[in-house]
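There are 2 protein chains.
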Amino acid sequence: MAIIVQKFGGTSVADLDRIRAVADKVQAAVAAGDKVAVVLSAMAGVTNQLVAWVSEAGAGPDSSEYDSVVSTGEQVTTGLLACVLKSRGLKARSWLGWQLPIRTDGVHGRARITEIETGALKAGLKDGEVQIVAGFQGIAKSGRIVTLGRGGSDITAVALSAALDAARCDIYTDVDGVYTSDPRVVAKARKLDKITYEEMLEMASLGAKVLQTRSVELAMKHDVPLQVLSSFVDAPGTLVVNEEDMLEQEMVSGITYSRDEAKVTLTRVPDRPGVAAAIFGPLSDAEINVDMIVQNVSEDGKATDLTFTVAKGDLAAAIKVLENKRDELGFAHLVQDPNVVKISVIGVGMRSHAGVAQKMFQVMAEKGINIQVISTSEIKISVLVAEDYTELAVRSLHSAYNLDQE
Amino acid sequence: MAIIVQKFGGTSVADLDRIRAVADKVQAAVAAGDKVAVVLSAMAGVTNQLVAWVSEAGAGPDSSEYDSVVSTGEQVTTGLLACVLKSRGLKARSWLGWQLPIRTDGVHGRARITEIETGALKAGLKDGEVQIVAGFQGIAKSGRIVTLGRGGSDITAVALSAALDAARCDIYTDVDGVYTSDPRVVAKARKLDKITYEEMLEMASLGAKVLQTRSVELAMKHDVPLQVLSSFVDAPGTLVVNEEDMLEQEMVSGITYSRDEAKVTLTRVPDRPGVAAAIFGPLSDAEINVDMIVQNVSEDGKATDLTFTVAKGDLAAAIKVLENKRDELGFAHLVQDPNVVKISVIGVGMRSHAGVAQKMFQVMAEKGINIQVISTSEIKISVLVAEDYTELAVRSLHSAYNLDQE
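Chains A and B supply the protein sequences, listed in that same order.
Residues in the first sequence are numbered consecutively from 1, following my numbering.
Residues in the second sequence are numbered consecutively from 407, following my numbering.
Quick caveat, the hints were computed from the structure, so don't treat them as lab data.
Predicted model only: the values in this text are computed from it and were never measured.
No residue lacks a Cβ here, since even glycine has one placed at the ideal position from N, Cα and C.
One should not assume that every hint holds.
What the hints assert, rightly or not - Below, computed lysine-lysine pairings styled on BS3-like, alpha-carbon distance capped at 27 Å: (1) B:LYS600 / B:LYS627; (2) A:LYS126 / B:LYS547; (3) A:LYS141 / B:LYS528; (4) B:LYS594 / B:LYS765; (5) B:LYS547 / A:LYS122.
Said to hold, decoys possible - Distance ranges between label pairs, derived from CB positions: (6) A:ALA286 / B:ALA529: 32 to 42 Å; (7) B:ASN695 / A:PRO236: 27 to 37 Å; (8) B:ASP468 / A:ASP127: 14 to 24 Å.
To be verified - Examples of chain A residues lying across from chain B (beta carbon under 10 Å, computed): (9) LEU50; (10) GLU65; (11) LEU81; (12) LEU283.
Between the sequences and the hints, there should be enough to build the whole structure, so can you do that?
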C-alpha cells in the first residue's frame, strides 16, 4: 500500500478527453492498491494566455496580481479531474496551494516551497481518497498566492513526494522517457531504463528538456525516486535514481547537444591578474550567463586570447557590454560566432572509466570536426564545434559509445 | 470621502480593453475623492465555459469541485484590473473570497453570505488603495470555496456595501438604467431616475432582468442605495432607493411583460375542502412553481373550474403530474395554453391612488384584449392575455399611464 505521486503536465490535461485519460491512469494505480496523490498543471496554453494578459495589463511576473491570475489554470484542471474520478465512483478531492497549505518563501513568480502541510492529505490517502493537488502554486506568509516559476508543477510533485515519503513520483509527460540522445537527430537513440540524478541534471541543463533542473535537484536532495513516462502510451518510462540504485553502470548514458550557444573571442587581452574578473564581472551584472571559458596560455607573457560562450539570445547584449569597456579591458579584437553547437557526452561511469574523453576527441578527429572549445566535469565532457556538424557529431558519438539501439 | 462600491458585470470585463475602461471609471471615482471598492464578475462567457466543463466531467452545481472550478473566472479579472490600475500609478489590490474572508453558509453552488470580514479592506481604503473583490465567491467553514449562484456578483457587491456602510453601490451593466418598459417593445420607454426597492423587485421577478431579485432584497434589507448604470456610456443611471427617499411618487413606474407563462385549466374539479392542496401539493413536490391561480365560484356548489399558470418550461411536467392524479383529483378536462403572456403594471403609488386597476381593465377593453386571469398585489396588477397581444397591450398601457417619453 505504497503512496505514489503522479504528476501530469499541460498536454496531458489539455482538454476533458485527456483529463479522462489521466483518470484512467489514476484509477489503474488505485486498483493496483496504491494510495495516489496527483499533481496537475494547467491545460496546455492556458497559463501562457494568462501570462500574456497580465503582461498586457502592465504587470511583471514578480507581482502578487500576476500570481493570483496565472495560478487559476491549475484550479480548473484539479477540480475537473476530481469530478471525473467521483463520477466513476472513486473518492477524490482537489486541493489548492493555500488550502493545504503549501508554504513558500513568498517570492512572487518564483517562490520556493518551504513546507507542505500533509496532515489532511495523509488522512485522505489512508481513507482511500485520491488527493489532487494544484501544481505550480503555494502561499506567502502575507496570505497571497504565489507561483513557483518555470517547471513549477514538477517541483510541487517532487516536494509533495518528499513530504509524503512517497515510494515513487511518476512524472507523466508527452515523451515516454529519457533517451540516449535526441531521437529527432539520432534515429537509433534508445530509451534508458534508469539514469542517475546527476546524469539527469546534466541532460536537463544541456537541453534535453524533459525535467526542469530544480525538480531533479530537489528529488536528489530528498532521495525521491522519479519516473519519467508518457501519459499517452502504456509502458514503463525512465527511472531517475541514486547512483547506488543502479545495478550496472554504463560508461556513457547519453549524448546531448545545445544549439543555443554563441562564441565570443577577445584577442590580445593584457595578461595580468584581475583581467578575468574585469571581463566577466560586467557580464554578470548585466545578468548574462557565461558558460564555457577558455584562456590560452600567453605566448609572450604579455597578452592572451580569451574565448567564452553565452546563450545566443544574450550575444548582442554581451558584445555591447564588452565594447563599452574596450578601453578599460584593452583587447585588440572582439570576434563573435553564433553558429556553434555544444556537444556533450554524459555518464557517471566516466568517474571509473579512463579514456572516455580520448574516444570523443578521436571520433571528432576521424570525422574531420574541429573542436573549438573543450570543457569537462566529473560526469560530462563538452565540446564546442561548428553548428553544421551537429548531426554528424551526435550520431558518430552515439555509435562510438555503443548507445545505438539494436 | 465616501466609500463607493462599484460592480462590473461580465460584458464590462469581457477583455483587456473593457477592463481598461473599467479602470477609467474607478480612476474617475478616486479622482473625485471617493474611497473605492470594486466587485467584478468573470469575463463574459468564461463562467459558462467552466460550468460546461464541470458538467461534462460529471458534476452538478452542488459540488465542492464545481465551485472550485467556476470561481476562477473572477480571480482572473480582479487580478488584471489590479495590474491595470497599478500600472497607472494608483494603489490597488485584489481579494479572493477566502482571503478576506467572505464567510457563507457553505451550500455549494448557491451559498448565502453570512459575514464579510472588512478590517483589511477598511484599512486599505483609508490608505487610498482601491480594493478589488472577486464577486460570486466565498468560503465554507470547511475551507472549501463556494459560489453564490445566479447573480452572485451583485450579491457580493450589495453585501460588501452593507458591510462597509458604503454611501452607494453602483451596478455597472450593459444597460444604462431601469426603463418604464422594455425599449425593444415600447419605443417611447424612458429611463427612470429613481425607483423603489419594491418596484425593482416586481420588475426583476417579472422579467425586466437588470438586477437579480436576491441582490435587491439584500439592498432593501440593509438600506443600501443602488444605482444601475451603463459601463459603456458616461451618464447617471437609475437609483434604487427606499420609498421615503422618493421626493415625488408617480402612480405607475413601469409596465412589464413575461412571455414565459403557460396556462392550465382543470374543469369540473369537485368543490370540496382540500382540493387545492391535493392539486398544488404534487406540483410543489415536483418543484414546479405555480404563479397566478384563479378559482371560479362554483355554480352548482358541486364542481368548479381551476386555472393557474406555470413557467412554459414546466408545462409538460405539470400536465404529467396532474394526469397521474386524475382519478384522485376527479377533474373532467385538462386544458393547456402555452400561448399566453403576463402583463403587469407596477407602482408603489398604487397604494395611495385609486383607479389604477380600473384604468388597466379599461385600456384592455378598448383595445379588444380579453383578460384571462387577473392577480394583484399592493404595488402591482397583472393580467394574463393571449401572447399575440403583447406589444399592443404593453404600448397602450404605457401611454395610458403617461409613461411615454416626450
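Evaluated hints:
Taking the CA atoms of LYS600 of chain B and LYS627 of chain B, the gap is near 18 Å; set against the 27 Å cutoff, the hint holds. The hinted pair formed by LYS126 of chain A and LYS547 of chain B meets the criterion: a straight-line CA distance of about 23 Å does not exceed 27 Å. About 21 Å separates the Cα atoms of LYS141 of chain A and LYS528 of chain B, which keeps this hinted pair within 27 Å; it holds. Of the supplied pair hints, the one linking LYS594 of chain B and LYS765 of chain B holds, its CA atoms being roughly 20 Å apart against a limit of 27 Å.
The hinted pair formed by LYS547 of chain B and LYS122 of chain A meets the criterion: a straight-line CA distance of about 21 Å does not exceed 27 Å. Hint check: ALA286 of chain A to ALA529 of chain B, Cβ distance near 41 Å, so the stated range 32 to 42 Å holds. Between ASN695 of chain B and PRO236 of chain A the CB atoms are about 58 Å apart, so this pair departs from the stated range of 27 to 37 Å. Checked against the hint of 14 to 24 Å, the C-beta distance between ASP468 of chain B and ASP127 of chain A comes to roughly 22 Å, which is consistent with it.
Of the supplied interface hints, the one on LEU50 of chain A holds, with its beta-carbon coming within about 7 Å of a beta-carbon of chain B, less than 10 Å. Nearest Cβ of chain B to the Cβ of GLU65 of chain A: about 4 Å, under the 10 Å cut. The hint holds. Given hint, LEU81 of chain A at the interface with chain B, holds; its Cβ is 8 Å from that chain's nearest Cβ, closer than 10 Å. For LEU283 of chain A, the suggested interface contact is broken, since its CB lies about 31 Å from the closest CB of chain B, more than 10 Å.
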